[in-house]
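For this one, chain X is given, so just place chain G on it according to the hints.
Each chain is listed here by its residues.
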Amino acid sequence: MLTAAVLYFLIVVPGTCGEMCMSHTMKAVGEVKDFRPHSVARSIGRAMKLPSFWVGISMMAAGFFALLGMLSIAKVSFVFPATALSYAVGTLGGRLFLGERVTPQRWAGVFLVCVGVVLVALGKG
Amino acid sequence: MTPAPALHLKTAILIVIMVSVAPLGDMFLGKGMKQIGPMPDWDPTGLFGFFFRTFTSETIWLGISLLLAFFVAYLLVLSWADYSYVLPASSISTLVVALLARFVLHESVRPLRWAGVAMICLGVFVVGHTHPRTTEH
Numbered sequence: 001m002l003t004a005a006v007l008y009f010l011i012v013v014p015g016t017c018g019e020m021c022m023s024h025t026m027k028a029v030g031e032v033k034d035f036r037p038h039s040v041a042r043s044i045g046r047a048m049k050l051p052s053f054w055v056g057i058s059m060m061a062a063g064f065f066a067l068l069g070m071l072s073i074a075k076v077s078f079v080f081p082a083t084a085l086s087y088a089v090g091t092l093g094g095r096l097f098l099g100e101r102v103t104p105q106r107w108a109g110v111f112l113v114c115v116g117v118v119l120v121a122l123g124k125g
Numbered sequence: 126m127t128p129a130p131a132l133h134l135k136t137a138i139l140i141v142i143m144v145s146v147a148p149l150g151d152m153f154l155g156k157g158m159k160q161i162g163p164m165p166d167w168d169p170t171g172l173f174g175f176f177f178r179t180f181t182s183e184t185i186w187l188g189i190s191l192l193l194a195f196f197v198a199y200l201l202v203l204s205w206a207d208y209s210y211v212l213p214a215s216s217i218s219t220l221v222v223a224l225l226a227r228f229v230l231h232e233s234v235r236p237l238r239w240a241g242v243a244m245i246c247l248g249v250f251v252v253g254h255t256h257p258r259t260t261e262h
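Protein chains in written order, with this note's numbering: chain X, 1 to 125; chain G, 126 to 262.
The set of hints was computed from the structure by calculation and includes no laboratory data. Heads up, some of the hints might be wrong.
Computed beta-carbon distance windows for the label pairs [as the list claims (entries may be wrong)]:
#	chain 1	residue 1	chain 2	residue 2	range
1	X	Leu50	G	Ser233	26 to 36 Å
2	X	Ser52	G	His231	37 to 47 Å
3	X	Leu122	G	His231	18 to 28 Å
4	G	Gln160	X	Gly99	24 to 34 Å
5	G	Trp186	X	Ser52	23 to 33 Å
Result set (SDA-like, lysine to any residue): computed pairs, CA atoms no more than 20 Å apart in a straight line [claimed, not checked]:
#	chain 1	residue 1	chain 2	residue 2
6	X	Lys75	G	Thr184
7	G	Lys156	X	Ile73
8	G	Lys156	X	Lys27
9	G	Lys159	G	Leu187
10	X	Lys27	G	Glu261
11	G	Lys156	G	Leu193
All figures in this text were calculated on a predicted structure; none of them were measured in a lab. Quick reminder that beta carbons are idealized off the backbone N, C-alpha and C, glycines included.
Bound conformation, chain X alone (with noise of 0.2 Å):
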């Protein structure tokens, strides 16, 4: 059970957090609009040289890592709709951290989202 919840809070905050640095990252490098391989690989590279990218590459390695152990002693229907809880983290650290505007209707699908994690949990027993 410790485990399990270790593992929750891996998955859920650290992954989260990385996922944010990678949306930094990639703002930072700017809007792709040429989808050919070599200008994609090109915009990856460009990410690839700026600190924040390897910050976000670490933690959301923590946060994978976290999900292979979860995976381990639960079910795959079970893990993946239960770790939606960092979309209610992840839209929150938007708002705060990444200056997006988060309207009324946003945040209700986010509600919505956060409903549907604790039906799954119910679920579960």
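Quick look at chain G alone, frame taken from chain X:
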């Protein structure tokens, strides 16, 4: 700046790629981890063996390759779209994961859990009707 309809279109295309590839990757990871067995307690030797078995599994590498494709699409869409838009919009893959778990991995999924997945999808639908980009770059 890209006009709004073009922005919506390319955002939608990349999100469709993400939600198509990620659930398959997740499924292969789940299948691979079940083959490997439960994670041992925090004993270093046991953990080393566990991760060694994990990263020598073909199924795990297939899952990782698919998730890598997802990651490239994810990075591209984040170059213009809000994180608070992409994150919930991509959670529609939760439904695909539950369907794969039920019909491919043959796990039992209780009705209450299906209701939760449906609620998550409704939330994604609501978020999907907001503008993908609210910041200027």
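**Asked** So which of those numbered hints doesn't the model satisfy?
**Response** 1, 4, 8
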